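Novice: Residues per chain, in single letters:
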Amino acid sequence: MKILALLVIVISAVTFAQPQTFRSMSTSGLILDDLDRWFSGMLFTQPVPDRLLEVAGIRVYTGLSNLSTGTDLVFDETADTRGSFLLGGSYVPLEASFGLGILTEFMNERFFDEITLLGAGGIPYVSGEGTVEGTWSEYIDTNGDGTLDSRHTVHETAEARIDSSLTSAGVYGAYEVSETLRLGLGVSYSTTSTEVLDEDDNRSLSIADSNLVTGAQTYTLDSSGEGFSKDDRSSIEIAVSATSAVSDMMDIGGMFLFASLSSDISYEAGLSGTEDFLPGEIGVYDIATWSESENYSVSPGGSRFGGGLNMDLRLDESWTLEASGGYYTASLSGSSDQYSISMDSSYIVSIASLIDSTIFDMNGSGGTDIDITNDLFAFGAKLTLDPSEMFTISMGMGFSMFDLSNTVHNASSNNLVETYSDGDDEFADPDDYVSTTTWSQTDETITTESITRISIPVGLEFEVLPKVYARLGASPGFVWESETETTSLIEASPIVSHIVYGDGTEQQFVESPFETIDGTLIETDDNYTEIPYSYGVGYTPNDFIQIDLMGLGDSLNQWRLSATLSF
Amino acid sequence: MKRITAGISVLLLLLLGCAQDNPFKADSEVQWEGGNEHPHIDMVGTESGGFGSSQFSDLDPERNGIQDAVMLSFDKDIDPSTITAASFEMIKTDPGTGPVQFESITYYPEDGIAILVGTFSDDTAYLLTVTAGRILDITGNELDPNHNALYDGSPWDDRLATFYAGSATMRDITSPSINSNFPITGNVGNLTPQPRVLFDNGPMKVSQLNLNNFTMVRTSDSASVALQVLSVTGSQIVTQPVNDLSWGTRYTVRLSAQITDDAGNYLDTNGDGYVWPDEPDLVWDFKLTDDASTHTEPPAVDQATLMPGNTYVRIEFEKSLSGDDVVMDTATFIAANIQVIDNNGSIPIVFETGADPGAVNCLLQRSTEGTATLHVSCRVADEYGNLLDGNHDGLGGTPGEDDYSEVL
Numbered sequence: 004m005k006i007l008a009l010l011v012i013v014i015s016a017v018t019f020a021q022p023q024t025f026r027s028m029s030t031s032g033l034i035l036d037d038l039d040r041w042f043s044g045m046l047f048t049q050p051v052p053d054r055l056l057e058v059a060g061i062r063v064y065t066g067l068s069n070l071s072t073g074t075d076l077v078f079d080e081t082a083d084t085r086g087s088f089l090l091g092g093s094y095v096p097l098e099a100s101f102g103l104g105i106l107t108e109f110m111n112e113r114f115f116d117e118i119t120l121l122g123a124g125g126i127p128y129v130s131g132e133g134t135v136e137g138t139w140s141e142y143i144d145t146n147g148d149g150t151l152d153s154r155h156t157v158h159e160t161a162e163a164r165i166d167s168s169l170t171s172a173g174v175y176g177a178y179e180v181s182e183t184l185r186l187g188l189g190v191s192y193s194t195t196s197t198e199v200l201d202e203d204d205n206r207s208l209s210i211a212d213s214n215l216v217t218g219a220q221t222y223t224l225d226s227s228g229e230g231f232s233k234d235d236r237s238s239i240e241i242a243v244s245a246t247s248a249v250s251d252m253m254d255i256g257g258m259f260l261f262a263s264l265s266s267d268i269s270y271e272a273g274l275s276g277t278e279d280f281l282p283g284e285i286g287v288y289d290i291a292t293w294s295e296s297e298n299y300s301v302s303p304g305g306s307r308f309g310g311g312l313n314m315d316l317r318l319d320e321s322w323t324l325e326a327s328g329g330y331y332t333a334s335l336s337g338s339s340d341q342y343s344i345s346m347d348s349s350y351i352v353s354i355a356s357l358i359d360s361t362i363f364d365m366n367g368s369g370g371t372d373i374d375i376t377n378d379l380f381a382f383g384a385k386l387t388l389d390p391s392e393m394f395t396i397s398m399g400m401g402f403s404m405f406d407l408s409n410t411v412h413n414a415s416s417n418n419l420v421e422t423y424s425d426g427d428d429e430f431a432d433p434d435d436y437v438s439t440t441t442w443s444q445t446d447e448t449i450t451t452e453s454i455t456r457i458s459i460p461v462g463l464e465f466e467v468l469p470k471v472y473a474r475l476g477a478s479p480g481f482v483w484e485s486e487t488e489t490t491s492l493i494e495a496s497p498i499v500s501h502i503v504y505g506d507g508t509e510q511q512f513v514e515s516p517f518e519t520i521d522g523t524l525i526e527t528d529d530n531y532t533e534i535p536y537s538y539g540v541g542y543t544p545n546d547f548i549q550i551d552l553m554g555l556g557d558s559l560n561q562w563r564l565s566a567t568l569s570f
Numbered sequence: 118m119k120r121i122t123a124g125i126s127v128l129l130l131l132l133l134g135c136a137q138d139n140p141f142k143a144d145s146e147v148q149w150e151g152g153n154e155h156p157h158i159d160m161v162g163t164e165s166g167g168f169g170s171s172q173f174s175d176l177d178p179e180r181n182g183i184q185d186a187v188m189l190s191f192d193k194d195i196d197p198s199t200i201t202a203a204s205f206e207m208i209k210t211d212p213g214t215g216p217v218q219f220e221s222i223t224y225y226p227e228d229g230i231a232i233l234v235g236t237f238s239d240d241t242a243y244l245l246t247v248t249a250g251r252i253l254d255i256t257g258n259e260l261d262p263n264h265n266a267l268y269d270g271s272p273w274d275d276r277l278a279t280f281y282a283g284s285a286t287m288r289d290i291t292s293p294s295i296n297s298n299f300p301i302t303g304n305v306g307n308l309t310p311q312p313r314v315l316f317d318n319g320p321m322k323v324s325q326l327n328l329n330n331f332t333m334v335r336t337s338d339s340a341s342v343a344l345q346v347l348s349v350t351g352s353q354i355v356t357q358p359v360n361d362l363s364w365g366t367r368y369t370v371r372l373s374a375q376i377t378d379d380a381g382n383y384l385d386t387n388g389d390g391y392v393w394p395d396e397p398d399l400v401w402d403f404k405l406t407d408d409a410s411t412h413t414e415p416p417a418v419d420q421a422t423l424m425p426g427n428t429y430v431r432i433e434f435e436k437s438l439s440g441d442d443v444v445m446d447t448a449t450f451i452a453a454n455i456q457v458i459d460n461n462g463s464i465p466i467v468f469e470t471g472a473d474p475g476a477v478n479c480l481l482q483r484s485t486e487g488t489a490t491l492h493v494s495c496r497v498a499d500e501y502g503n504l505l506d507g508n509h510d511g512l513g514g515t516p517g518e519d520d521y522s523e524v525l
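The listed protein sequences correspond, in order, to chains C and Y.
Going by this note's numbering, the first sequence opens with residue 4, and the numbers climb by one from there.
Going by this note's numbering, the second sequence opens with residue 118, and the numbers climb by one from there.
Next comes chain C alone, as it looks inside the complex (with noise of 0.2 angstroms):
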C-alpha cells in the first residue's frame, strides 16, 4: 500500500500558503507590493479583499508576473519548473467606492522520469523518459561445436510519468461602506489532479528462447503490468475583510477565512503473465501463470478556517507601525475500507497422460483511517520608514508556530489457499493437499510536527537609478523545530497454514519464531539560527509596466523576471 506516498499529498492539500511578488519576497516579505497588500495580507495567510481600495487604477498579472511558483527560471529553457498560465487583475476606479479583483490561473504539465533498460549481463543499454523500448538477443553456442546453436531474445518495455493540472479562479471585491469602515468579500475556487504512473507499475517483458538449428522455440515468457495512483482535490474558499479607521491615524481591521476541502486519492495496479516452458505445444503443458491486481481508494475531506487582526498606524509621514495576528486551524480525515489486492497463480505441467497442477489463490483486504491537523498562530509587527518614493526602510518582528499532527490507521487481513492434484484421481490421495494460509495485521503510524519561528526581518528598497529599484531583504531568525514519528502495532496474527492432504490428514505450520515490531518512535528536536538573505531589482520604464528581477548573477539562466501592467 502505497499510503506513505499518498499522505504526503495529502498534507499539502492542508497547508498552503499565498502566493508573493518579487517584490516582497527580496525585502523579506516587509515591503509589498499591491497585488501583496490585498491578495495575501501582512502575514501571507488568507486574501485581504477590503485592501483592493488601497490600489488604485488597473493592474494586470499575466503569465509574465512569475506569481504562480515564483521560481521561473524565464532564461533557461530547461527548467524542470514549467509554471502556469496565470492571468487577472485589479480595477478600483478613481473616486470610486469599490474595487473588484480577478485571479485565474490554469496548469497542465506532464514530467517524465529517467527510465533504463538492461541488457545482456545487466549491463544499460537504452535510457530516456516517456516510454521506453528495446530488444536483445544473445546467441549461444551451447555444444562447442563452433556454430551458434540457441537464441535469447528479450524485449521489454517501460513507461512513467507524472501529469499534474491546476485550474483556480477567485473573485474579489471591495466596498467603501463609509469614510472610516470598508468590507471586502472573496470567493475562490481551486482543483488539482495529479496521476502518477510508475516505472515498476507499467513495464512489460518478453522472453523467447529457440534453437536455432531447428527453429523451434524452446521457452517464452510474457509479463506486464499497468497502474497508476491518482489524487484528485478541490477547495471552496471564502475570505472577508473589513477595515476600520478608527481615527485619522490608525486603521484596524479584520479578516476571516473559510475553506472547504476535499480529496479523491486511489491507487491501481495490475501484473500478469505466462511463462511456458513448452511454447506452441498443444495439450500438454509446462506452463506457469500469474495474474496480481491491487487497488486502494480513500476521500479524505476537511475544512481549514481562522482570522485575525491587523492595525495600521501612522506615526507620522514618514513612520508608520504594522501589526497583524491571526489564528488558522485545518483538518483533513477520510477512511476506507476499499484497499483489496488479489493474487491469482498457477504452475500446470504434463507429466505422461497425468496433468499435474499447483494453483494459488490468494486475496487480501483492509481499510485505512486518516486524520490529519494542523494549526498555525503567527503574529508580526514592522516599522516602515517611507521619507520618499527613493527610499524605503522596514523593520519587523514575527512570530510563528505551526503544529502538524497525523495519523494513519491500516488494517489488512490476508488469504493464501494453494490446491495441488497430481491428477490421477486417486481416491484418498495423500499427495494432493489443499493448503490455506492467512495472516493479518494492524498497525498505526502517528507523525507530529511544531515549528516555533522568531524573526527579525528587516528589507529595503532604494532608487539606485532614476527608475530603477535595489531591494534587500535580510530575516535572521531563531528556528525551534521538533518532530516525532511513532508506529505501533496494534494486533497481528501469525502466519498460520493448515494442510488438508486427500487422505484426509491435517498438518498445521505457524511461523516461528513469530516475531513482530510492537512499536517505534523516532525523534528529532532542532535549535538553530538562519539569517535568509534576499535581494532583487524593480523597474519602472513608465507608468505602465512594472519589471521585477531576482535571481541576479552571473548567467542569465538563473535570473527570474516579473512583470505587472498598470493602467
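To be clear, the hints were calculated from the coordinates, so they are not data collected in a lab.
Please read all numbers here as calculations on a predicted model, not as lab measurements.
All C-beta atoms, glycine included, are put in the ideal place defined by N, C-alpha and C.
Some clues are possibly wrong.
[To be verified] Beyond 12 angstroms from chain Y on every Cβ pair, some chain C residues (computed): (1) 122; (2) 354; (3) 467; (4) 542.
[Said to hold, decoys possible] Derived, one-sided and incomplete: chain C residues facing chain Y with beta-carbon distance under 7 angstroms: (5) 287; (6) 361; (7) 503; (8) 548.
Starting from the structure of chain C, add chain Y where the hints point.
Specialist: Quick look at chain Y alone, frame taken from chain C:
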C-alpha cells in the same frame, strides 16, 4: 505560558508513547493453540486396564456392581464445556440392550483426558458412541473420527468404542474391507472366468452380496454382461458370466461400497481403516487373451536411452506380455504423450521415426540440465490402437497406472 503548554504537549506525547509500548494483543486460543485441525480421540481405555483395554474391572468391591471408568484421550485441546453427558451415549449390547448412565464425566485439560465413571454389570458388553458434532476443540472444530478432515455428521463422524465385563461379546464396530479380487490381469485364458471378491473383517451381510451390488460391463461400450452368483458367504462372493465372454475383450467389474457387514458397518473399500461418505465402489478391469482374430496385447516400453551427447532419447517398444516386436502408431508420438523433464522444466522435443516401426527418437531442442526424466503417457498406442501398458499387467491405457517413467 507557551513553555508550559509545550511541556504539557510533550508529556501527553510521552504518555501516549508509553501507552503504545506494547500494544500487541495475543489471541492465543484461536491462532496459536487451536488452529483449524480437527481433533481426534487417539486413545480409548478403561481406568482399571489403562489405555488400550476394553475390559471393565471392579475398582470398588465394597459397592454393588462393577465400578470402573472409560478413559478418552484427545489429541487437541478440547473445550471443556462440550464434555457433557449429552456428548456420550452408552448402551448395553449383550445381553439385551438398554441405556447406561455415567455417574460422572470429568475432563482434565492439562492431560487432554476425559474420565467417564459408571457402574457396570458383569458378563455384559457395552457400546459407547461419542456423538458427532457435540465435542469441540477450543477453536470450535468438531471431532473427525473418520479422518477425512471434514465434519460429516452422524453416522460418519460418530466415534464408537466397545467395552465388556466378564464373558460378554462386544459388538463388531470394525468396517469390513477387501481381501482380494479376481481376475485382475489382461491375460485371462478362460471364456467363463469367475469374478469374485474376498472380504476381511466380516462377516458380510449376505443379502447385500447380490447382482445389484455386483455388476460387470464390457469396458469398450459399457454393455452389461449377465452374471450368475456361484457362491455367497460372509467372506466372499463368486460369480460367473451367464454366457461365454469374448477373446481379446476387456471387462469392468464393480462392487458397490454401499454394502455392510452383519453389524451394519459399511465397506472400507480402500482399506485405510476409515469409511468416508464418498467411499468409492470397488472397480477393476480384466481382459481375455487374444485368439487368432484379435490383436489386443498392449505395447510397453522395452528400453529408453539417452544417447551420447545428450542430444536425443531413443525409446524402443515391445508387446507387453509376450515381449514380441510391435508396430507403433507414430501419430501418438507427440509432445502431449512423451516428455523429458530436467531441472529447468520440460524440454521441447522433435520426434523422429526411422526404419524401426517399434522405436522413436526424441530430439531434445535444448541442452539438459541436471537429472532428466522420461515420461511416456499411456496414450501412446500401437498400430491396433492398444494403449501403453506401463505396469505390464496386460491392461493398458489406465492414466497414471500405465504411464511409464524412467530417470535417464
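Novice: Indicate, hint by hint, whether the structure satisfies it.
Specialist: Hint check results:
no. : hint : verdict
1   : 122  : 22 angstroms, holds
2   : 354  : 5 angstroms, violated
3   : 467  : 43 angstroms, holds
4   : 542  : 44 angstroms, holds
5   : 287  : 4 angstroms, holds
6   : 361  : 13 angstroms, violated
7   : 503  : 4 angstroms, holds
8   : 548  : 46 angstroms, violated
Checked against the numbered hints given earlier, the structure breaks hints 2, 6, 8 and satisfies all the rest.
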